[in-house]
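Here is how the chains run, residue by residue.
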Amino acid sequence: MPGKVPPPLADGSANRLAPPAGPAAPDVAHSVVHRVRYGRYVSVALILIVLAVIVRAFAVGKIDWPVVGEFLFSSLMLWGIVNTIVLTACAMVLGILLGLAAALMGNSNNPVLRGTAAGYIFVFRALPALLQLLIWYNLALIFPVIWLPGIVEVATTKVITPFVGALLAFGILQGAYTSEVIRSGLLSVGKGQVDAARSIGMTQAQALRRIILPQAMRVIVPPIGNETIGMVKFTSLASVIQYKEIIYGAQAVYYANGRVIELLIVAAFWYSVVVAILTYVQSHIERHYNRSQAPVAVQEAA
Amino acid sequence: MPDIVRIRGVTKRFGQFEALRDVSLSIAEGEVVCIIGPSGSGKSTLLRCINNLERIDGGLIEVGEEIIGYRLAGGRLHELPDRLQARQRSRIGMVFQQFNLFPHKTVVENIIEGPLVVRGTPREQALAEAQRLLERVGLAAKAASYPGQLSGGQQQRVAIARALAMNPSLVLFDEPTSALDPELVGEVLEVMREMARSNLTMLVVTHEVAFAREAADRIVFMDHGRVVECGPAEELLARPSHPRTREFLAAVRK
Ligand SMILES: Nc1ncnc2c1ncn2[C@@H]1O[C@H](COP(=O)(O)OP(=O)(O)O)[C@@H](O)[C@H]1O
Ligand SMILES: [Mg+2]
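If you're matching them up, the sequences are chains L and B in order.
Under our numbering, the first residue of the first sequence carries the number 1, and numbering increases by one thereafter.
Under our numbering, the first residue of the second sequence carries the number 1, and numbering increases by one thereafter.
These are calculated hints, taken from the structure and not from any lab test.
Note that the coordinates shown come from a computational prediction; the quantities given were computed from them, not determined experimentally.
Hints are supplied without guarantee of correctness; some may be wrong.
Okay, derived cross-link-like pairs now, DSSO-like style, lysine-lysine, Cα gap no bigger than 30 Å in a straight line [what the hints assert, rightly or not]: (1) K191/L with K62/L; (2) K158/L with K62/L; (3) K142/B with K191/L; (4) K244/L with K233/L; (5) K105/B with K142/B; (6) K191/L with K105/B.
Extracted from the complex, chain L is given alone in its bound form (with noise of 0.2 Å):
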């Protein structure tokens, strides 16, 4: 390190041992010359190469621009967002709820609740989830009825629409997840929180609504923003079974015109825009939750 300039010995002479002092302590009357980064601009022009050949290859590719605009806009695409947002927004709501659940099952002292947590989690995160949805949407073929004695009555085929069965595969899979989350969200509350909400009188479930999950969500918040993004594009999988999210009104679209390039294109646009905004949100939220961690730090290193 040419950092330190070394003091004069006592006799005034200067320490012989002492290395010239470097650029990076310059001495105030020189002024000083930086070295040339020939890296950064090697790699900047490789960068801006490559970047040309890709807009170039989609310039002259086989892409008829004028359709991507045409569709951009249209209603199936437009109704494709909303029920993409719709579906996302419900299967995250039951996997939360579903991971609070488990999470909370999973940290019980009963072994049998402890079991069942560990036993859907497992299930549940071992299957594709492109399967799952199947199954789900294929349930009227393990039951044909759903039958609760003297409440309901119905064809399973009537209940199980793509929705419900796309909100029932991803919702339930994503509770899985969620579980593990959460569970790292309560655990990371330290156990003197439980105590001293207990010792002042408050029941479990008072001192997890008021003590544990609220400092449990500066862990739990940050990953479950990840996940929705993540389920955005699961979503897509739901095409399968013709719920009408933006793959499917894309496809349906490429079906009658051909245009298949066209309108997968149109659907990545609309699918960037989705998740800008969620990323926006999210590191929004982020910010939230770290401000109100800040005095949280200096206690713990009291």
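Starting from the structure of chain L, add chain B with the ligands where the hints point.
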């Protein structure tokens, strides 16, 4: 004075390990009792059992008129539902070694949390009471601060105020000054002395022998999950009758 705490033959096991063995102890109303003893002797466990944060495996703990965790009916002990166990805890204050303040709430919110949520006290009344308590522990100016912005000594004084806000008939202290820097111990002990003078019933686990001599009516020495010796503070410190007590006192006075 009548006894407010009666502990009779209490046993507590963690798996095979007996953390408390046949512990008996009574505390009179307004009395200050200090528990001393080596680390691992079961002092914290005893306090946690009195507050029903741990369930006992044998014996009986009575605080006031009630049996902790149970109800006597028809000659049998029936376990209380969660809600009633919580209500029993609300009448017993506890101050922890690590303060355990709620970090996401301000000082005043920490104090009114119990009255508001557990007692259903009107907010205005709870706030006024909290302000009085903060003055009593010398932190009136810190009402709007977060625990993380306070020193350890200040946090522990807030924790004491939080316990007092529930108007407890008994306050348990588990080594309230052990996690503090030495220069902050005094301010917490000062608050505790003031509480002792105000006729509050206190059970204090502490290594501060000087505090015990001055503030305690009686001292209990525990070792290996048992009460080895119990007596008036001056007398036990001056003439411990059991060799284990003498050894321990010699070690902490060094
Ligand atoms: N939750 C627990 N699980 C298992 N063992 C415990 C638990 N709590 C305390 N113990 C054990 O019980 C004994 C007494 O602990 P404790 O009451 O904390 O002692 P003290 O407060 O006197 O230092 C120790 O040996 C400790 O390891
Ligand atoms: Mg202890």
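Taking the hints in turn, this is what the structure says about them:
Restraint check for K191/L and K62/L: the C-alpha separation of about 62 Å exceeds 30 Å, so the hint is violated. As the CA atoms of K158/L and K62/L are separated by approximately 43 Å, the hinted pair breaks the 30 Å bound. For the hint linking K142/B to K191/L, the alpha-carbon distance of about 26 Å falls within 30 Å, and the restraint holds. Straight-line distance between C-alpha atoms of K244/L and K233/L comes to about 14 Å, which keeps the hinted pair within the 30 Å bound.
Restraint check: the Cα-Cα separation between K105/B and K142/B comes to about 13 Å, which is no more than 30 Å; the hinted pair holds. Between K191/L and K105/B, the direct Cα distance comes to roughly 17 Å. Compliance with the 30 Å bound is thereby established for this hinted pair.
In summary, the numbered hints that this structure violates are 1 and 2.
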